[in-house]
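> Let's have the full structure, built from the sequences with the hints guiding it.
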Amino acid sequence: MRALALSFSSSFSSFVLPGSAKQGENQPGSVVCPISQWRYGGATNDYCLNKNGCRCNCNNGDTAAGGCGGRHKLGSILTREMFEEMLHNRNDTRCPAAGFYTYEAFVAAAKSFPAFATTGDDATRMREVAAFFGQTSHETTGGLGWNAPGGPYAWGYCYNKEIKPKSDYCDRRNQQFPCALGQKYYGRGPIQLSWNYNYGKFGASIGQQKQLLENPDLLLTDATLSFRSALWFWMTPQWIKPSCHDVIVGAWMPLSRDEAAGRLPGYGLITNIINGGQCGRGRNTAGEDRIGFYKRYCDMFGVSYGDYLDCYNQRNFGKEFVDDMSLKLKSI
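Read in order, the letters of the sequence shown are residues -21 to -1, 1 to 311 in mature numbering (1 follows the signal peptide of the UniProt record, and there is no 0).
Since the hints were made in silico from the structure, they are not lab data. Keep in mind that the hints are not guaranteed to be accurate.
What the hints assert, rightly or not - No farther apart than 30 Å at their CA atoms in a straight line, the calculated lysine-lysine pairs in the DSBU-like style are these: (1) K189 <-> K143; (2) K163 <-> K180; (3) K180 <-> K298; (4) K163 <-> K145.
Every value quoted in this text rests on a predicted model; they were computed, and no experiment measured them.
Structure follows, in structure tokens:
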């Protein structure tokens, strides 16, 4: 991320390299349980609840995530199998973060944000998971810049830190979350959390403000903490920007200034929230990459993409914030 009003960096360099749905099954002597309507769903309907005489084919990980506990659990949307299929190249030995990101770590992190992927109907919940992993897969992609096997959208979560950062991402004007001596706050984790104030605010939200400001590399040593940083940003409104969660579940409505700026509810607005520097400048490779990941995951879930997928003609939230501050200073 470049501008101080934003919160991440997507300045990943290209990755340089050499050269099924589970079915409900009937209990002995009970009703026959239908197959889930979703290809990767698991327990998305009431007929797959134990009280109806059915049980689901869950492994322990899915059960821990709520996969057999009913329709309003994350695990009923994102099963272990789905996670592995979405990110099946993340542990390739050519990926610098191989072995870091796990399903267990994601599920553990999501427990701190119970509204994530549990808001709205099943299609909305699936779309939120697709949007979250679409954006974070772009931020951690290893598929750009080479002839990636399976295509570039099969190589999310290859990295857990920004390579070749262009600055230390320290806003020295921010005294609430001061930079620690010698530390750099470049992008780390699934969403590439950047800047000292974002490390500070996330740290404060979990009671670890001092620890994260003094050692931002903690996000590289603990996958659950790393996922929590990404989900924290996803679920939390930033400055004048709504949360990504509120946008994707339809809880945010544009103001007149948003409509005038072309900012309408959709996946493109989430790109504007995460990295507005890619918005308002026409079609671009980074924007196409974000959309490509999102479409792949939506197709896997079998849900529609929704409207306004890009931000090519949207005014950058960050630029508007800077302009507003300039006007306020002039009026003093």
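> Against each hint, give a clear statement of whether it holds in the structure.
Comparing the hints with the structure gives:
1. About 26 Å separates the Cα atoms of K189 and K143, which keeps this hinted pair within 30 Å; it holds.
2. Annotation: proposed proximity of K163 to K180 holds, straight-line Cα distance about 16 Å (limit 30 Å).
3. Distance check on the hinted pair: K180 and K298 sit about 22 Å apart at the alpha-carbon level, within 30 Å; holds.
4. For the proposed pair K163 and K145, the alpha carbon gap of about 11 Å is at most 30 Å, so the pair holds.
Every hint from the earlier list agrees with this structure, and none is contradicted.
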